[in-house]
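My request is simple: use the sequences and hints to build the entire structure.
Chains as they are written, first to last, in the numbering used here: chain A, 1 to 115; chain B, 1 to 77.
Hints listed in this document are in silico derivations from the structure and should not be mistaken for laboratory results.
Treat each hint with caution, since some may be false.
[Claimed, not checked] Now the stretches of chain A that chain B is said to cover, found in silico as 3 or more residues with beta-carbon under 8 Å:
(1) 63–75
(2) 83–93
[Unchecked claim] Label-pair distances were calculated between CB atoms; the ranges are:
(3) Val20(B) / Arg64(A): 30 to 36 Å
(4) Gln52(B) / Arg12(A): 19 to 25 Å
(5) Gln43(A) / His36(B): 18 to 24 Å
(6) Thr59(A) / Asp31(B): 20 to 26 Å
(7) Tyr111(A) / Gly18(B): 25 to 31 Å
[As the list claims (entries may be wrong)] On the chain B side, residues computed to face chain A include the following (Cβ under 10 Å):
(8) Leu58
(9) Arg61
(10) Met62
If you're wondering where the values come from, they're calculated on a predicted model, not measured in any experiment.
Heads up, the beta-carbon is just placed ideally off N, CA and C, and yes, glycines get one too.
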Amino acid sequence: MNTTLDNPVINRIKQDIGENDVVLYMKGTPVFPQCGFSAAVVQVLSQLGVKFKGIDILTDPALRQGVKDFSQWPTIPQLYVKGEFVGGCDIVREMDSSGELRELLHSKGIYTKAA
Amino acid sequence: MAMDAVEIERLIKEALPGAVIVIEDLRGDGDHYAAHVTASQFAGMTRIQQHQMVYQALRGRMGDQLHALALQTAIPK
Numbered sequence: 001m002n003t004t005l006d007n008p009v010i011n012r013i014k015q016d017i018g019e020n021d022v023v024l025y026m027k028g029t030p031v032f033p034q035c036g037f038s039a040a041v042v043q044v045l046s047q048l049g050v051k052f053k054g055i056d057i058l059t060d061p062a063l064r065q066g067v068k069d070f071s072q073w074p075t076i077p078q079l080y081v082k083g084e085f086v087g088g089c090d091i092v093r094e095m096d097s098s099g100e101l102r103e104l105l106h107s108k109g110i111y112t113k114a115a
Numbered sequence: 001m002a003m004d005a006v007e008i009e010r011l012i013k014e015a016l017p018g019a020v021i022v023i024e025d026l027r028g029d030g031d032h033y034a035a036h037v038t039a040s041q042f043a044g045m046t047r048i049q050q051h052q053m054v055y056q057a058l059r060g061r062m063g064d065q066l067h068a069l070a071l072q073t074a075i076p077k
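What follows is the structure in structure tokens.
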């Protein structure tokens, strides 16, 4: 685990979350999530009608470790909005049920479906 | 690999003295837990920082020995 902040994986993460408004690092793909927690976040985003880029970390062990180092967060999934780490499954679900997630997305100019 | 609830509670209490911790073994398999942690130390922190504090208390076991810990944090009223 010699991941430093200027290694290629970290640069790739920065690029991905910089170029896409909403990014979800997950196990599996949005269509075929490979883990219940990843599936739960996909479901939240889909219900909000938010367009997002799903990145499967199972296909890339370096990325899997890199994203954990980048956010100092030990688990996948991880949701990023406008380059900022929002949280994992628990936080996303909590923010969704309280309405905070919709507020956050709107404050960043990201379109969601009407409630 | 699994971890028992007493050990999880002990590690969290050690890092957050005075915290009120409720742990539930979701599937009875020692590997999927839910934890509610209420601690005055969380005051002024974002939710991410609060969760990070709990993860730090578990010293790397989260995502390794412990597959799933559904976490909810709160500040005592």
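Run the structure past the numbered hints and jot down the numbers of the failing ones, going up. 7
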